[in-house]
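Participant: Residue numbers (my numbering), protein chains in the order written: chain A, 8 to 656; chain B, 5 to 591.
Certain hints may be false.
[Claimed, not checked] Chain A regions said to be covered by chain B (calculated; three or more residues, Cβ under 8 Å): (1) 218 to 224; (2) 240 to 254; (3) 277 to 283; (4) 534 to 543; (5) 571 to 580.
[To be verified] Some chain B residues judged to face chain A by a derived CB distance under 8 Å, without partners named: (6) 292; (7) 351; (8) 488; (9) 536.
Read the hints as simulated data drawn from the structure, not as lab findings.
Note that the structure is a prediction, hence the values are computed from the model and not measured.
Where a beta carbon is used, it is the ideal one built from N, C-alpha and C, also for glycine.
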Amino acid sequence: MAFWRWARRGLGPALGVVSLAWGQSSSEPVLLAPVNVPLPSAPPAPESPTVRDPTGQTSVVDISGRRAEVLSTGALLSQVPGAVVDSSGGLGQSESISLRGAPNTGVLVLLDGIPLNGPGDIADVSLIPLSILGRAEVLRGSASSRYGPLATGGVVNLVTRTVGDAPPTFADVSGGSFGSWRGSLGAAGPNLGGSGLFVLHAAHSDGDFTYLYEPLLGEAPSVGQELRRMNNQSTSGGGLLKQGWDVSGWAVDALLEGNLLSRGLAGTEDNPSSNDEQSTSRVLASVRAQHSFSNGAALSLRLDARRTTDDLSGGDFAKGENDRLWQSGATADLSITLGAHALDATATAGFARVSSTAGSPTWALTSLALQDEWLLWQGQVSLVPAVRVDQTGPFAAVSPKLGVSLGLPLGFSVRANAGYGFRPPSFSELYLPSGTLGVNANLQPERSFSADGALLYAGRWAALSAGGFWTRYQNLIIYEYFPPFFAKPQNVSAADAWGMESEVRVRPWPWLEASGNYTLQWTEDVRDVAPYFGRELPYRPRQIGSARVQAGPDWLHARVEVEGRSMVTVNRSGSLSLPGHVFVNTGLDVVVLNRTPRLTASVQLNNILNVQGQDLDGYPLPGRAVFATLALALGESGANSVRESEAPR
Amino acid sequence: MKDAKRGLLLTLAAVALVFGLGLSGCLQTSALECMGGTTECNVTCVYLSVDPFNCGGCGNACQPRAICVAPTDGGNLGACECPVGNPLPDGGQTILLCDGACSDITTDPNNCGGCAGAGGTVCSSGQVCAPTDAGSGACETSCGTATECNGACVTLSTDPNNCGACGNICPQGYDCHATPNGTAPGTCLPDAVVACISNTGTVAPIFDSPVQPVAGPGVPGGTVPEALGILGDGLLVGAEGPLGELALENLSLVSPEAPPINASGPTFIEVDTRSDAGSWVYVVDGTGNTLIVLTGPPSASAQVLLPDGGLQGLGLVLDGGFIFGQNTDPQPYARVNNEIFVPLYGGYPPNQMGNGGTVVRLDVTNPSVPVVVGTYDMKLAPLQTFDGGLSDPRPSQALLHEGLVYVVLQNLVVDPDTGDYDSAGPSMLVKIDPTQPPDGGLGGVSQYVTLDAGVCLNAGAMAENSVTGGLLVSCFGQAQFDPSTFATLSVDRSAVLSLDVNDVLLASWSPQCPAGGAACTPPIAGPLALVNGRVYVGDSSSGRVFVVSLGAIGQLTQLVGYGPDGGVPLQPCPTGISDVSAIITVP
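Chain A on its own, in the form it takes in the complex:
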């Protein structure tokens, strides 16, 4: 709500100037030059981190204009400081995200504010197609005080496309290496008395890239074997339907989203699988009504429901594993401004249920959260205490937080936060054994405490942030070896993660923009048995970074991107590791037709140096690849719409 308050304050004077100009008159009509007044963007939703956690360290990654360049949601998120994306290699293969050294079970992933993780579970962001997204908002740090369970490392809010940022009609099709293609089409605009948007999408990849199998690399002068990745195909399709109305002053929005995916599970380099497969489906629906009252209060009421199915079959899953998840909730969000205090209260109630071959547990989910954004010293300082009480099945937690921001001259500001997070054990960890992974009904929730601070700058042609963080994760749930064949989850460990994050975006001229991020982080196991005590946590590279430069006029963009990570250990004793890698990507966008229809042709070359890399589980990553895209747009998107203003001279 804070952002919208500031936006309204700025827009008022601007509109006042326009109206003043309009009011001037003389005896003779004066023709003024057309004035383009961009429509203000819709205010961010109540669940947006920029609203819900106004002092939090949030990065926003916009997908618009980059759809031909970024191939997956995980690739998009990897450009956020502090984020480590674990990809299983190949388009459509699973991707999970870790923030600030947290386990990937410690990141809450939302789609328009609707949780995509089951209670305590990992979210596979590869299941969210880019075609339906407009941007990603990533809040780093323990954020359970504002978002509830799972947010020990942070929150990712994936925001779907809006009517405002989509052309009335649009379509795109891409094809490229490894038998990959994808396409989408959609429309946006007035509909059913309101405004609507729909998107249909489909994608397929054979995933059969070649890679060098070199198990003796660095150990012996043997020749590696060039192999082809098998059973790595994926096929998906789905759609998004959004509709909004104004009903007696209430903004009513409805969303329906569905996705189907089927993919092979290729396995590790050393022990690949020839027939393990996964099929998933998701249907997600929500209805929200929002209203702003004359006294400045705002109320948002939302109902949401999600059903997912997940079926595993093949050799490693001979028994077959079939999970069905229902998760539903009602959320009420009330905000009101009382003097210098912007108060916010959020209450939720819902349930989560899993039906599987191993059982059908059901949990009730309730919470109550309070926040006060207290403006001090003419608004230069915000002090934001918050607290949330959660009940998640048999577990309950209180998560307080304190944030502060200080505005400085010349566009600088400082932010700092300290808060708690918690993650309940998941259904899988508590009740549902899978393969050789057992359960432990005595598990307790993981907890985290984090503190961070950053210096920010926002100017006309540049924005940057640089800061540090420290987090203590405790009661970590680790799968311990359980001879002769199995592993069981135990609360066995506590760990620290600390480091620095930096992010910069510059656009000194309209034809040149550059961005980059860099993270330097350390981790340490601070509570464990002797072989692991004091060691770095596995799967947390010390350094992660990326840089991107794009240049050219509106009709021709050329870009280069470099992304990389340092060496990473892959077991708790630190005795096994994977080397670091650097990937270089490049691309070109050409606007072939610059009218209606607008036709853009793009080519993207990924990993042009053909670096042979591996993901964090030892799965090979694709080498050099090329993709071509044609994108068609009929009409201008809402963000580019103008009102022409003419007055007699």
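Starting from the structure of chain A, add chain B where the hints point.
Facilitator: Here is chain B on its own, set in the frame of chain A:
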């Protein structure tokens, strides 16, 4: 303004209170955790059940020569006892508790032949106590060819209480051996070493005795140690990552050297010191599907002290390797001169066997570059099945015996409904004649031996019976696990088989829990090692070691294990859930 400041202070105070309560009550402190039956004593995790310096409690040191013995009730608190010592013809023992001290009555001049005043003698000044032919002690005027240590006649190369020097008592789990490089009369070394897998990796020493074998406290042994080897006075530990080197004398870690192999799951180590030119170490990596070859100097020692106080390594460097291929899972092999016969177990499940189910014959005349000579397809072996259906043959070990390469073949089938592996039929020994060339099929295979499924399922390991000249085979059995807790519920037909020189079954022994229903995880017979006519059987279920005596005609008699006398097996591995992954005999 004043109200605003007051409000601000109140808010900050409230927040500080909440955070303070939270921080003080909820943040865990940094701490070393001790698990698997260990307890923290002075920032170190120790086994109160077998640590003679912390026996039953931190700092509770046993008296000299006493050992810390685990309780028979399976608890974690040991108690100091005098070791049993060698048996006398009359049924007595040679080590007795005399006046509060453990005394060896064969050599103690103050309790010679027995405790003084209770059948023993205090030797006069100028006399020594010397062992008698009957196994007891008697006062003599001189030690003869033995060494005199304070009135005791001892052999410095074999006496664990005067090992290499008078008064040098070997730690628990260690015995007195002739020094490998002859630099001292005797050195305390374990008789066998055990590698354990639990949530951590452990390596533990074992002292062999015909009466009371004893396990010593374990030390960290890398992550998931699964293979052991001995090079000179160093113990090689194959675990995830670098090859571990420990000094055999006390299992201390040799540092800073650790040959930089990046093994994922080593299953076997072979040390080849036949050449005067140097030593070669072969590491089979089952998970990584590779053979890694290292080379070192001919006389390597892990005992050279460095200026910083650490121990110099064995000087091993990478020399070569071989890639078997994806999903092959190579296993312990047999050597015939300059060729090795490597079983490839294959991937899981059957349709991901890859190149498994075969035995690869490699020429390692040039160890840097192993060359394939040929393969034997074990899938063509005439395995029998209980129901006449198909089976999944898995070669799990090869051993040179009686001039032939024996390959033990598991006989498995995947239950299509559960996905679990079951025994499809009797296991088999396949005998390969190394003088015949392989042809990719069963060319060169001379015989098959079907193992008795009435006593043995899922044979997995072999060792030569040094007493009879026959073969010992370890059978994992068929285990049932609780599907939610994975606890072992039962084990069917897990056993050790004794075969004669014609591969005929002579005897079998099966590890058992105590009768009477006391809480006990059913044991699974795993790796084998022979020491002085006894076989040490590792338990793949709960980290125990059973000891079985070998009779002259192949009999198997349990020496250490659960028995009606309340005996318990050795517990060198962490208690609870652990797995003996390897046992090796120290020469």
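Participant: Take the hints in turn and mark each one as holding or not.
Facilitator: Now for the hints, and whether the structure bears them out:
1. 218 to 224: holds (count 3)
2. 240 to 254: Since three or more residues must qualify, the claim that chain B covers the stretch 240 to 254 of chain A is violated, with 0 doing so at under 8 Å.
3. 277 to 283: holds (count 6)
4. 534 to 543: holds (count 7)
5. 571 to 580: Our answer is that it holds, as 3 residues pass the Cβ test (under 8 Å) against chain B, meeting three.
6. 292: holds, 5 Å
7. 351: With a minimum Cβ separation of about 5 Å from chain A (threshold 8 Å), the hint on residue 351(B) holds.
8. 488: The hint holds - residue 488(B) has a Cβ within 8 Å of chain A, the shortest such distance being about 6 Å.
9. 536: With a closest approach of 28 Å, the residue 536(B) hint is violated.
Of the hints listed earlier, those the structure fails to meet are numbers 2 and 9, in rising order.
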